[in-house]
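Participant: As a plain string of letters, each chain reads:
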Amino acid sequence: GAVVSQHPSWVICKSGTSVKIECRSLDFQATTMFWYRQFPKQSLMLMATSNEGSKATYEQGVEKDKFLINHASLTLSTLTVTSAHPEDSSFYICSAKHPYRGNTEAFFGQGTRLTVV
Amino acid sequence: SQQGEEDPQALSIQEGENATMNCSYKTSINNLQWYRQNSGRGLVHLILIRSNEREKHSGRLRVTLDTSKKSSSLLITASRAADTASYFCATDATGTASKLTFGTGTRLQVTL
Chain B
6 GAVVSQHPSW
16 VICKSGTSVK
26 IECRSLDFQA
36 TTMFWYRQFP
46 KQSLMLMATS
56 NEGSKATYEQ
66 GVEKDKFLIN
76 HASLTLSTLT
86 VTSAHPEDSS
96 FYICSAKHPY
106 RGNTEAFFGQ
116 GTRLTVV
Chain W
-19 SQQGEEDPQA
-9 LSIQEGENAT
1 MNCSYKTSIN
11 NLQWYRQNSG
21 RGLVHLILIR
31 SNEREKHSGR
41 LRVTLDTSKK
51 SSSLLITASR
61 AADTASYFCA
71 TDATGTASKL
81 TFGTGTRLQV
91 TL
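Chain order of the listed sequences is B and W. Residue numbering for the first sequence follows the numbering used here, starting at 6 and increasing by one per position. Residue numbering for the second sequence follows the numbering used here, starting at -19 and increasing by one per position.
Read the hints as simulated data drawn from the structure, not as lab findings. On a predicted model such as this, the values are computed, not experimentally measured, just so you know. Among the hints, erroneous ones may be present.
[Claimed, not checked] For lysine-lysine, the following DSS-like pairs were computed, each having C-alpha atoms within a straight-line distance of at most 30 Å: (1) Lys36/W / Lys60/B; (2) Lys71/B / Lys79/W; (3) Lys71/B / Lys19/B.
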């Protein structure tokens, strides 16, 4: 149990277009999900905390109009990279905490590799 | 950034040897967790140690925590080629609404 599925696993898009990434908790309900960004051979940097039914909380330096987050249900959060540019190319990973496992252990999606050309 | 530091950044050992990775952090924490990431993949939770614990074991993994030094170590005993991956520590700091802050990571290479 406690599976988080992320889709797509990779995407290539043209500059100026928008890309939507989905994060689903498959067997549990997650009121809170987290979105991270990871550059090659670097650590994960938290971008935002996605809260079901309310606005996401963005970390300092992350443009909320650039990275739109929607958490419309207890099992789905989406990250939309708007007007993507090559510098947005990165590995994006979501996670969710299981509410019945002490809300401590985080379960991660497989990640989405975004390449903007 | 409150990101923690890990050392070494990279570690190469032979199968059967032990691997030790260290993590330092900056703030008071509720717990510290270790995760593993295979290249280009998501993260897998390995072990969690709470702030009031000093040592924890899980299979071939041994984690220590020294809150006075704000540091933790992960020991993998009798390493296998399949242990090759990047390892990250992550802290759940007090008063941060359960957000995880990741360390810089250690890339472990286990050769046959």
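Participant: Does each hint fit the structure? Answer for all of them.
Facilitator: Results for each hint:
1. Of the pairs offered as hints, the one joining Lys36/W and Lys60/B is violated, with about 38 Å between alpha carbons and a cut-off of 30 Å exceeded.
2. Using a Cα cut-off of 30 Å, the hinted pair Lys71/B and Lys79/W holds, with the two alpha carbons roughly 22 Å apart.
3. Proposed proximity of Lys71/B and Lys19/B is supported: the alpha carbons are some 16 Å apart, at most 30 Å.
When each numbered hint is compared with the structure, a violation occurs for hint 1 only.
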